[in-house]
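Residue numbers (numbering that gives the first Met the number 0), protein chains in the order written: chain W, 0 to 282; chain U, 0 to 292; chain H, 0 to 422.
It is worth saying that the hints were derived from the structure and are not from the lab.
No false leads were slipped in.
According to the in silico footprint, chain U covers these stretches of chain H (three or more CB under 8 Å from chain U): (1) 104–111; (2) 192–200; (3) 394–400.
Values in this document were obtained by computation on a predicted structure and should not be read as measured data.
From the three backbone atoms N, C-alpha and C, an ideal C-beta is built for every residue, glycine too.
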Amino acid sequence: MSSLTKELTLVDILAKIGKWFYILLFLFMTVVPIIWLTISSFKTNFEFETQPFSLPSVWQFQNYAKAIQMGGLPRLFLNSVIVAVSTTGLNILVSAMGAFAISREKFRFNEALLNVILAGVLIPIIALMVPYFKIVSTLGIYDSLPGLILTYAAINIPISVFLIHGFMGSIPIELEEAAVIDGCSFAQRFTKIVFPLTKPGLVTAGTFMFIYCWNEFTYAMLLTSSESSRTLQLGIRFFKSQFVTDYTSMLAAIVITMLPTIIVYIFLHDRIISGMTSGAVKG
Amino acid sequence: MRNKNWKQILLFLAPVLVLFVAYFVYPLGFVFVTSFTDWNGIGAMEFSGLDNYLGLFGDETFRTSLGNNITWALVLGFVQIPLAAGMAMILARKPKGWKMFRTVYFLPNVISQVALAMMWLAIYNAEHGILNSFLELAGMSGLTRNWLGNMTTAFPAVIIQQIFYIGYFMIVILASRMGISESYYEAAEIDGANIFQQERHITIPMLKGILITTMTLALAYGMRHFESTYLMTNGGPAHATSVMGILLYRNLGALNYGEANAIGSILIIFGGATIALIRWLFSRNDNTSDSVQ
Amino acid sequence: MRTKRIILILALVLFALPGMIWAAGGQETGDQEIVLKWPTIWVGEDSKAATVAALVDEFNEMYAGKYQVVIEANPDYDAYRNKLNSQIAAGVVPDLFVFNPDPTSFSFYEGKDLLMDFSAELAGDWGDNFVSGSIEGATIKGETKSVPFEVGYTPVWYNMDIMEAAGVKSIPATYDEFFAAAEKIKAAGFIPTSQMTGGTNAWTSMLWFSHIAASLGGPKVWDKPITDPVFVQAAEILQMMYADGNTSKDAVGGDAGVAGGHFLAGRSAMFINGPWYIGRVRSDAPDVYAATKIGPAPGAAFSGAQIGFPQTNLAAGYTDDPRKKEAVVAFMRWMTKPENVKAIAFDSGAMFAVKYSVAAGEKVDQLQAQFMNAVNDASFVNSHFQFNFTTDVVAEFGQALAKMALGRATPEEFVQQIADKIR
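Turn these sequences into a full structure, and let the hints guide you.
Pasting the structure below:
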């Protein structure tokens, strides 16, 4: 990157202006919601409903106290962590194995199988509430964390297989051929070659998975009923009652539930991704 | 031709297949079968043939919704993906603060949709919305309106707020873009190619697989789009922003399982056809690649 | 090798951890106590939550070792209703639950052995606790498969400060007076009415429509088909309420937060909602609270009507087990015991289908007292639109209303669009 020594052409200058305009426009559009959300969570409901873009006249810190206390957030937080971590692990492991078999081996139904699984991406999941309730209650895992974990892991198979398969497709098959000559078994090809090389894809898919679990509401509501198996998103709805919604306490609860995902995202995703991409790129 | 590793392949596929059959094949079978019945979830199912389907295609609201879903799919696939890809290309060249940008762009995907919808409702509001205030400040008070309560602007308003959330797809594309070796770009630089030429001739061809993957996903998300519309307008005003997911949800609420599941089936069939068409178009343009993406 | 080990450990943890938690949670006490699970919306921010929880605790104490009711919190009503629908379609009914009595939910009655029938029990002295007519309203073909509980009354809320500022002396008695008052209110810089076409049911405007229909068509108006001229005329008046700045600019597409927000902010003069909103006005907008006068909507062929409807019924899943049924009935009787209902009513401001007496000198909220007077003074009480139609028709009401308000449909087309949705 020694652009300083070169003379700047018109194209370069235009590119530079365009680039920063583009970066800053999107930055604005993404940062505004977060700022707005945070500020709003310190207002009274009256201020929120009547002047949604002003600063609070008195900062309402009690919204946060209320959010933590009333929604029972600590317990729900633990449940959300268990569900999100377990689901991500289960889903990524299962999907990676499946994607590996489909993408690295040739057999008769290769393509057909992939397309059938991909079609799952299209399905409006809300249409499946009745059958999912039946499955989960038949398995005897209604109102339990395993019920949620299994359902979430299954629902996201199409997207995970799709993403991981896409990333696996870019690994040269020659690497594996060489490994087979060296005496690598089928399983070792997966664990030693493809799995490590697909890490960016796995981490990306895993991140999506984690965030999905963290933010999912409909099935958390449908498949659990007692506090011992409920997740954070249900805690947020504690501020929405039949006739009256406590918007600002709800926003406080949203901010609280959002923080862990942001932290997980920044530390896990970015670390892993940068670690991998900076080191191991070969021609 | 039988693959000699078939036992291992089967072993590796088994978990996926078991979950897929339980959570997709069986439920979809249920959806398809009930879509040919009149069923309220309580009494007996009565076979009604194609009545649900004919009824839907005869219904103007449903046709509007289907059209809106197609618009959603096209906008996400052909506007949002290029925007996301453009950002990935910029960030891949590591401008100052690129790591921070990469993280920040993704954050809207972490915020609950409920909060985002509340904000956009406040932005578009006709009485105290910030968009109208801006227009008035800029001396364009003639343009102020009830953005989400207007037949012409409601649908574009709902779509536009979504376009800016490129983080999800950008992350995928960027992860792939970072895998391209720098040596290609260095070689092109020496050959005197400018940035645009480099992106055009190196990045785009090499990212083709992931671009089609993300585009397919975006189309699928457009076809089954539901959440932000439901939270912002619930399909209104006068069905102007309605999508199939909203009608499906409303029918579920009214215990019209037959009609709800017919909508679900149509959604899957139309979506599948759209995606198959797109993938076929791309694969036709490129006969040298037999890649499935 | 390391990767493999990591995967193995990961897999073990994944499968073992939730399994253990589940196993630990799954151990039941195994004694003879009957445990009834009650997924309910009366939790969290709901004004009835604290008193309902206290009553359940008291019940559990009273029947310790015999019966136990466990509240399962489901504060979000739409999600609660959705879950209930899915559960019932999958053939699983909760021990105890609540529902909105409307034609969609009443179809639960059709299911064989789905809901418990209380008709035999209610025929005795228990039935005497209820306001006359309410049990009949929960009975279909001789079966009372739910217990009437909360009722809603939705009179018009008038902000008298605005009315006086605009020079309007009294609550408009006719629609001519109403629109004359609206002109003065606009001239004074206020919004005459709060309206909304959004949300699942266009709540505020749906209630305006019900009031107008009652004034034009009288007590039996819902017996007429929706295409009847009386509804077309009601639609015309509602259309006028949306025209010429008679409501806020954000009314089309607005939700309950929009309609209520303008009233709370002291911007709109006339608003409709139930007694549950009293607490919000009192805490958020004390000036508006002090200025509010509760009254009927303007009259036409009929005057002095109020809108009232069953809001929530209590129900239970069918059971063969006589002991379980006994437990359910004991709980239902407990919840509908006049003094218990009175406790909930006093703490929350809600109104009920159960009669209770208020001793002289007991302090009632001034708006709540106005509500009770408005109901007592009513020449007749009609249900609202929502009570008479299935939920998809109610949803179509808001969509059709937006179309009419935007000038894209005539009142005739408006009622026709609704009629087309009726099965």
